[in-house]
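Asks: From first to last, the protein sequence lines are chains A and B.
By our numbering, the letter at position 127 of the first sequence is numbered 127, and the numbering carries on one by one without gaps.
By our numbering, the letter at position 64 of the second sequence is numbered 64, and the numbering carries on one by one without gaps.
Honestly, the hints are just simulated from the structure, not real lab data.
Please note that a few of the clues may not be correct.
Stated by the list, open to error - Calculated Cβ distances over 12 Å to all of chain B for the following chain A residues: (1) 21; (2) 40; (3) 52; (4) 157; (5) 221.
Stated by the list, open to error - Covered, in the sense of this in silico footprint (three residues per stretch, anywhere, with C-beta under 8 Å from a C-beta of chain B), are these stretches of chain A: (6) 24-33; (7) 190-201.
Since we're looking at a predicted model, the values are computed, not measured.
The beta carbon of each residue, even a glycine, is placed where N, CA and C say it ideally should be.
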Amino acid sequence: MTQYLQDPIFWVLLAGILVAIIAISRDRKRISELRREKEDLKTHYANLENHYAEAVEEAKDRAEEATKTALKSAMRTLQGLAGEQQLAITKLQEKYGELHILQDLLDISHMNSQFARRAQSIAVLCDGWLGRQRSAASLYDVVRSAKGRIRYFTRVEIRAQTNFAIASRAVEPVALTLAELLDNATSYSAPETMIEINIRPVPKGVCIIVDDAGVGMNEEEKDRAAKLLSGENSPGVSGLGNPPQFGFTVIGVLAARYGFTVSVDSTSPYGGVRAVLLLPEDLLTTIQAPEPEPQPEPQPKEFPTVAAPRSMPPEESPVAPSTTLGGLPKRRRRGAMSIVPAVDSPDVPVRSSEQTASVMGAFQRGTQSGRSSTNASSEGPETQ
Amino acid sequence: MTTPDEPEQEQPATPLVPAYVITNGRSLLDDDTLSLITLVTTAQDAPAVQHLDPEKRRLLELCSGGHLSVAEIAGHTQFPVGVVKILLSDLTQGGYLVTRAPIPAAKLVDRNILEQVLHGLQARFG
């Protein structure tokens, strides 16, 4: 051992080992420091990246929001104008109903409806205005309204009439949804084929079934459609694709907002697509009158005295006397006709027997008092 | 979101079912098929009305009381006359309604006859 101690090489080696140990430990320290630094940098980078993604997302959202706001406002104006125009056209149709121009007015009305529908669809994507709230309407009328909003509406055949009615708030959304379905159906099928609509009551509500005889959809398209129709993660205005496909996206938004479901995953008996719109019970209602259509007809001002009986429900008409007091046969009409005053005999509007009796009694009392007060009549007051 | 040219909320509603859907896009009839004063009434042995459109059922109801002219019907339904004519023609073809052509306007009596009568009267009383 001592011989080693005296060996200078030993000392050199020892010094070398010591230096190496120090160097290694220093390096280790540096490496760990570097590692820590690297970790820090990594987290910093990740943070930055996150922020960046967030910022991008935020910017995208903001841009989408801005687009939506602008479009919403623009569409609202367009929708309003389309509504005004439709009103004007309706008035013109009444005014020139006898002339040949009516044909053109009907065509213009049709074009205007399509135009209004496009504006409405875009408005839906922008969470905008769906149009005037309609009063509750029969399902049949809503389906027909939808039919009128597409170009080739004469190809649509409504198979069944039902007594179902749609609640006021759901009339426009359902009509718009159906219109989009019908638009798809007519666009993806041959021009000479028909689109068939059936209405079926189901335990959960009512199904409106739209069958076309088109080419159908493949699985991929069906999956994509199902995703859009579910209304989750609506792609919004910017995600409509090119060319933009409105239909299913609009339907998805409406379905999610109003709580009905639409599916297009089955095949129609004609080989095309069968779209099924399921309306839950809470969107349905009942309409007391079988017809929601007849609006109160304008009451002529020259017969203020016969205005009161007009408010009578038509059910009362059967009890009306079938002859006039003069013994002449009286026209009996139900429903709308009872509110029409006849020009020569204001008596024609149907009255209940009690009312007739009281009116005649008042008349008689009047004539009696008149005669007895003046006593001018050669016949003298009638004794009663 | 309001804009200056925002539509007025109070504007009356347009009909839910437009007229061109009610006629199912058919073109107007020729003028001579139905005139404004053609009289219409329900047929005696009309088929069942269940599958008819509500508008057509309403027309039948209107006509069930007796004879009505086309113009009157149009007035009651508030549809354009041309549209009413299409519906009425449909119903007539379906056997629900019968139409009666208007009674031709009385021809003016021959002036000669009137003069002869006048002369006769004058000769007798004048």
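Asks: Now, for every hint given, state plainly whether the structure supports it.
Replies: Verification of the supplied hints:
no.: 1; hint: 21; verdict: holds, 76 Å
no.: 2; hint: 40; verdict: holds, 48 Å
no.: 3; hint: 52; verdict: holds, 32 Å
no.: 4; hint: 157; verdict: violated, 9 Å
no.: 5; hint: 221; verdict: holds, 30 Å
no.: 6; hint: 24-33; verdict: violated (count 0)
no.: 7; hint: 190-201; verdict: violated (count 0)
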